[in-house]
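Undergrad: If you're matching them up, the sequences are chains D and U in order.
The opening position of the first sequence corresponds to residue 1 in the numbering used here, with each subsequent residue numbered one higher.
The opening position of the second sequence corresponds to residue 332 in the numbering used here, with each subsequent residue numbered one higher.
Derived from the structure by calculation, the hints contain no laboratory data.
All the pointers check out, no bait thrown in.
So the derived label-pair ranges between C-beta atoms look like this:
id, chain 1, residue 1, chain 2, residue 2, range
1, U, G664, D, R313, 54 to 60 Å
2, D, P181, U, D341, 42 to 48 Å
3, U, S872, D, L328, 47 to 53 Å
4, U, D341, D, D66, 25 to 31 Å
Derived coverage of chain D by chain U (criterion: at least 3 residues anywhere in the stretch with Cβ under 8 Å from a Cβ of chain U; other residues may be distant):
id, segment
5, 24 to 32
6, 51 to 63
Glycine is no exception: its CB is placed at the ideal position from the N, C-alpha and C atoms.
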Amino acid sequence: MAFEQVKFYQTGTFTVGNRLLEPELRSVQADTTRTNSLNSGHRACQGCGEALGARYAIDAAMEATDNQLIAVNATGCLEVFSTPYPETSWQIPWIHSLFGNAAAVATGVAAAMRAKGRETTRVVAQGGDGGTTDIGFGCLSGMFERNDDVLYICYDNGGYMNTGVQRSSATPPAARTATTPAMGPEPGNVFGQGKNLPEIAMAHGIPYVATATVADLRDLEAKVRRAMQIRGARYMHILVPCPLGWGHASADTIRIARLAKETGTFPVFEAECGEVTSRLPIRKRLPVEDYLKPQKRFAHLFGPEPATATLARLQALADRNIRKYALLEET
Amino acid sequence: MDKPFAITLDVGSSLANHTGSWRTQRPVYLDRIPPCNSTCPAGENIQGWLYHAESGDYEAAWRVLVEDNPLPAIMGRVCYHPCEGACNRAQVDEAVGINSVERFLGDEALKQGWKLTPPAAESGKRVLIVGAGPSGLSAAYHLRRLGHQVRIVEAGPYAGGMMRFGIPAYRLPRAVLDAEVQRILDLGVQLELNTKVSDIRRTMQEGGYDAAFLAVGAHIAKRAYIPAGAAAHMVDAVSLLRSMEGEEKPMLGRRVVIYGGGNTAIDAARTAKRLGASEAIIVYRRTREKMPAHDFEVAEAMEEGIMIKWLSTIKRMGEGTITVEKMALDDKGFPQPTGEYESLEADSLVLALGQDVDLSLLDGVPGLEKKDGVVQVATNMMTGYPGIFAGGDMVPSERTVTVAVGHGKKAARNIDAWLGGKQYAPAPKHEAATFDLINQWYYADAPKTVRPQLDLVRRQTTFEEVVAGLDVTNALFEARRCLSCGNCFECDNCYGVCPDNAVIKLGRGNRFKFNYDYCKGCGICVSECPCGAIKMVPEPS
Ligand SMILES: Cc1cc2nc3c(=O)[nH]c(=O)nc-3n(C[C@H](O)[C@H](O)[C@H](O)COP(=O)(O)OP(=O)(O)OC[C@H]3O[C@@H](n4cnc5c(N)ncnc54)[C@H](O)[C@@H]3O)c2cc1C
Ligand SMILES: Cc1ncc(C[n+]2csc(CCOP(=O)(O)OP(=O)(O)O)c2C)c(N)n1
Ligand code: SF4
Ligand SMILES: [Mg+2]
Numbered sequence: 001m002a003f004e005q006v007k008f009y010q011t012g013t014f015t016v017g018n019r020l021l022e023p024e025l026r027s028v029q030a031d032t033t034r035t036n037s038l039n040s041g042h043r044a045c046q047g048c049g050e051a052l053g054a055r056y057a058i059d060a061a062m063e064a065t066d067n068q069l070i071a072v073n074a075t076g077c078l079e080v081f082s083t084p085y086p087e088t089s090w091q092i093p094w095i096h097s098l099f100g101n102a103a104a105v106a107t108g109v110a111a112a113m114r115a116k117g118r119e120t121t122r123v124v125a126q127g128g129d130g131g132t133t134d135i136g137f138g139c140l141s142g143m144f145e146r147n148d149d150v151l152y153i154c155y156d157n158g159g160y161m162n163t164g165v166q167r168s169s170a171t172p173p174a175a176r177t178a179t180t181p182a183m184g185p186e187p188g189n190v191f192g193q194g195k196n197l198p199e200i201a202m203a204h205g206i207p208y209v210a211t212a213t214v215a216d217l218r219d220l221e222a223k224v225r226r227a228m229q230i231r232g233a234r235y236m237h238i239l240v241p242c243p244l245g246w247g248h249a250s251a252d253t254i255r256i257a258r259l260a261k262e263t264g265t266f267p268v269f270e271a272e273c274g275e276v277t278s279r280l281p282i283r284k285r286l287p288v289e290d291y292l293k294p295q296k297r298f299a300h301l302f303g304p305e306p307a308t309a310t311l312a313r314l315q316a317l318a319d320r321n322i323r324k325y326a327l328l329e330e331t
Numbered sequence: 332m333d334k335p336f337a338i339t340l341d342v343g344s345s346l347a348n349h350t351g352s353w354r355t356q357r358p359v360y361l362d363r364i365p366p367c368n369s370t371c372p373a374g375e376n377i378q379g380w381l382y383h384a385e386s387g388d389y390e391a392a393w394r395v396l397v398e399d400n401p402l403p404a405i406m407g408r409v410c411y412h413p414c415e416g417a418c419n420r421a422q423v424d425e426a427v428g429i430n431s432v433e434r435f436l437g438d439e440a441l442k443q444g445w446k447l448t449p450p451a452a453e454s455g456k457r458v459l460i461v462g463a464g465p466s467g468l469s470a471a472y473h474l475r476r477l478g479h480q481v482r483i484v485e486a487g488p489y490a491g492g493m494m495r496f497g498i499p500a501y502r503l504p505r506a507v508l509d510a511e512v513q514r515i516l517d518l519g520v521q522l523e524l525n526t527k528v529s530d531i532r533r534t535m536q537e538g539g540y541d542a543a544f545l546a547v548g549a550h551i552a553k554r555a556y557i558p559a560g561a562a563a564h565m566v567d568a569v570s571l572l573r574s575m576e577g578e579e580k581p582m583l584g585r586r587v588v589i590y591g592g593g594n595t596a597i598d599a600a601r602t603a604k605r606l607g608a609s610e611a612i613i614v615y616r617r618t619r620e621k622m623p624a625h626d627f628e629v630a631e632a633m634e635e636g637i638m639i640k641w642l643s644t645i646k647r648m649g650e651g652t653i654t655v656e657k658m659a660l661d662d663k664g665f666p667q668p669t670g671e672y673e674s675l676e677a678d679s680l681v682l683a684l685g686q687d688v689d690l691s692l693l694d695g696v697p698g699l700e701k702k703d704g705v706v707q708v709a710t711n712m713m714t715g716y717p718g719i720f721a722g723g724d725m726v727p728s729e730r731t732v733t734v735a736v737g738h739g740k741k742a743a744r745n746i747d748a749w750l751g752g753k754q755y756a757p758a759p760k761h762e763a764a765t766f767d768l769i770n771q772w773y774y775a776d777a778p779k780t781v782r783p784q785l786d787l788v789r790r791q792t793t794f795e796e797v798v799a800g801l802d803v804t805n806a807l808f809e810a811r812r813c814l815s816c817g818n819c820f821e822c823d824n825c826y827g828v829c830p831d832n833a834v835i836k837l838g839r840g841n842r843f844k845f846n847y848d849y850c851k852g853c854g855i856c857v858s859e860c861p862c863g864a865i866k867m868v869p870e871p872s
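Hey, can you work out the whole structure from these sequences and the hints?
TA: Have a look at this one:
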């Protein structure tokens with residue numbers, strides 16, 4: 001596990017804080033002096049997982065760098081809902097250029113800081129899954145290959161949400177999107193396509209790769225902290241449910257992320273130099289149906305005649321993750 | 332102002348954008364009543380005192396506890412803790428050991444010499460209390476704290492009622508009882524011993540009392556007709572247990588048979604055993620499932636070597652023998668005689684067949700309603716005669732110390748209101764903190780290393796009277812197992828999980844509040860609140 005579990009029986013380490021914990025054992029989010037990098041008044045949907053994940057990650061990065069941080073943002077919901085000209089929700093230095101070039105811009109910002117002798121100022125690039133796995137992938141792979149001193153964070157909501165929920169190479173199989181309708185013999189997104197970006201990042205042999213979800217705050221913060229202790233190219237892939245695109249209740253954002261992890265659908269782990277070094281074990285294994293059912297994008301699997309074959313394939317994918325990352329083993 | 336190329340407006344903050352206007356529902360904080368609290372016959376704020384115990388502030392915990400019940404060290408030993416049966420944590424792993432923490436707090440208070448809070452002002456009213464059992468003591472405490480002059484008149488030589496003359500010392504050490512009684516008397520409650528009230532109206536008039544609370548208990552042993560020879564030694568359980576408090580310990584002989592199936596029968600049998608009987612046999616008409624005695628008491632008795640003959644009635648007693656008839660359950664589940672007999676060797680027979688109330692002090696009082704040997708009271712605990720209230724074993728209810736204490740408190744509040752010419756209006760009940768409101772993720776399967784410790788604690792709590800109470804570390808641990816159902820315990824979850832930073836943290840002890848300028852009403856805080864202390868309500872129009 002990426003972090004020390006606090007043996008506090010009432011709620012374990014699972015809550016954001018606790019009045020009975022020493023302040024240093026609480027999460028950054030429990031602290032009234034947290035940066036609130038992404039401030040109130042942003043225009044994300046009710047219950048947006050991306051807005052939550054971005055504040056979790058960037059607040060943690062601010063804390064880890066003593067507030068010496070510049071963020072570069074790709075186009076996407078996070079950028080659009082936070083900065084309608086001339087307003088901004090960002091309470092940190094923040095720059096947006098294009099949809100596909102965040103990694104390259106971040107490389108440039110890092111180079112500029114180095115040139116100015118301000119190497120304590122650190123750089124984070126962030127974008128959606130579309131901006132990361134599709135259009136921005138060339139820039140990102142280059143950033144990895146050159147081992148540029150940037151932490152790149154991908155907020156994965158499984159599609160091009162900002163433009164109306166189109167498929168991306170991170171959209172899960174069987175999911176309905178605007179471009180993968182729930183029609184025909186194999187409704188929803190096809191199986192066997194798409195990219196597993198954390199594994200691709202690992203294949204670059206970069207110093208640090210981690211996955212996280214908005215349901216495990218302590219784990220997420222510990223990974224950001226770890227990432228900021230390292231110089232060179234680092235990659236974090238954070239699962240952020242999107243109530244609009246996934247069709248779940250806005251109150252369920254964290255619950256859905258938790259179910260993705262507990263079913264094995266989304267493995268949560270970290271890797272250094274291409275080797276897995278820790279994983280967040282499943283606490284209570286659940287069938288994939290528990291994760292799929294509350295989401296309208298999978299509603300076609302649960303019609304009058306449940307799509308048992310498709311469900312079995314999705315279960316097999318989860319089982320494979322569980323095996324591959326040893327998600328049932330205690331750490 | 333000079334602006335860069337193509338820039339025409341100043342940078343503004345999104346704080347100008349009040350996203351709260353999107354809302355159709357809003358979250359609100361609330362306190363719900365946890366199942367332990369709503370089950371407690373003494374109306375204790377259990378979650379409330381556990382909250383302080385969790386932080387190790389035992390005195391604050393004890394002070395919240397004694398707001399409702401002045402006898403925690405006693406309760407922690409004799410209460411049958413229905414709270415634990417209702418505890419939501421039982422559905423996660425095991426119920427919180429509420430009773431054991433209560434005992435710890437009670438003992439700690441005695442050890443540290445914490446005093447009860449005296450009344451702020453005197454009312455000038457005088458209230459008579461008849462009977463110094465738990466109900467009378469509880470009423471005296473609450474009335475005194477409300478500023479009334481209180482005098483308890485007690486027929487017996489000591490205070491405590493059945494806590495002294497019924498419950499054996501191996502379950503309730505007398506030093507504990509004495510200390511908790513004394514603490515109540517220290518508030519200025521007067522106690523007159525060895526004085527039996529025989530005419531309530533006369534006593535009230537002579538003493539110039541404005542009201543009276545009767546709590547005379549149920550002390551007359553019920554009899555059963557059992558033909559017996561002159562030499563047969565027969566005694567009732569209440570007298571037996573009462574005589575344990577005197578100088579002369581009763582003589583029962585080596586083989587003792589106890590007749591009955593309640594807690595009194597068990598205590599009588601365990602007492603007989605402790606008095607040196609080599610055989611103590613309980614004879615009971617029905618089966619173990621039907622036995623009114625609590626399971627754990629039966630188990631403890633059996634561990635001590637008490638034997639129980641189920642489905643048996645006693646027909647006769649001769650010199651050194653008892654004739655027992657076997658019973659069989661009919662198809663409705665009632666025991667019926669079989670005509671099959673058996674004899675048991677016995678030096679004495681103890682009858683534990685229940686108790687009746689001696690209501691003679693109420694003779695001639697008009698307006699009273701008596702039914703099934705007990706006095707009827709209204710919801711305010713007042714009998715049919717204005718100004719005379721009653722509670723505990725002498726009114727219709729379950730007969731336990733905890734119920735008696737609860738009656739005493741309720742009566743005190745109503746007497747106080749009645750003395751002021753008012754009606755006592757209890758605070759409206761909060762909604763229930765049911766298990767479905769608990770977000771189990773935050774509690775379930777706690778770190779494994781902790782579990783063995785848990786089991787240890789459970790073991791220590793189940794056999795309290797034999798094993799010592801909790802110590803500071805495991806009391807803290809046990810208190811921290813509380814889920815705080817329906818009541819904020821400041822875990823910071825709402826503050827952390829809001830995607831809109833619309834929760835304001837007010838600092839330790841002050842909880843949180845919503846910033847409705849920005850709250851979009853997504854409801855994540857409600858889903859992720861571990862204990863169900865937030866709910867969504869429609870946006871007021
Ligand atoms: C053997 C035994 C074991 C028990 N064990 C438990 C247990 O473990 N847990 C539990 O919760 N409950 C237990 N109970 C039940 C519990 O003790 C009673 O329900 C409780 O004591 C009733 O309280 P009370 O104040 O109504 O009456 P009592 O406790 O009976 O007190 C009444 C008092 O009034 C006095 N009195 C009576 N008449 C007069 C009069 N005319 N004038 C002046 N004084 C008078 C009596 O002397 C007595 O002191 C047990 C009972 C028995 C018999
Ligand atoms: C070059 C280019 N092509 C297309 C767009 C339109 N566009 C803006 S945001 C977006 C989708 C973003 O998807 P993703 O990166 O997954 O972020 P999300 O909105 O889902 O958070 C698209 C297609 C663009 N801005 N630039
Ligand atoms: S569409 Fe999805 S990602 Fe975009 S703001 Fe709404 S909830 Fe967030
Ligand atoms: Mg996306």
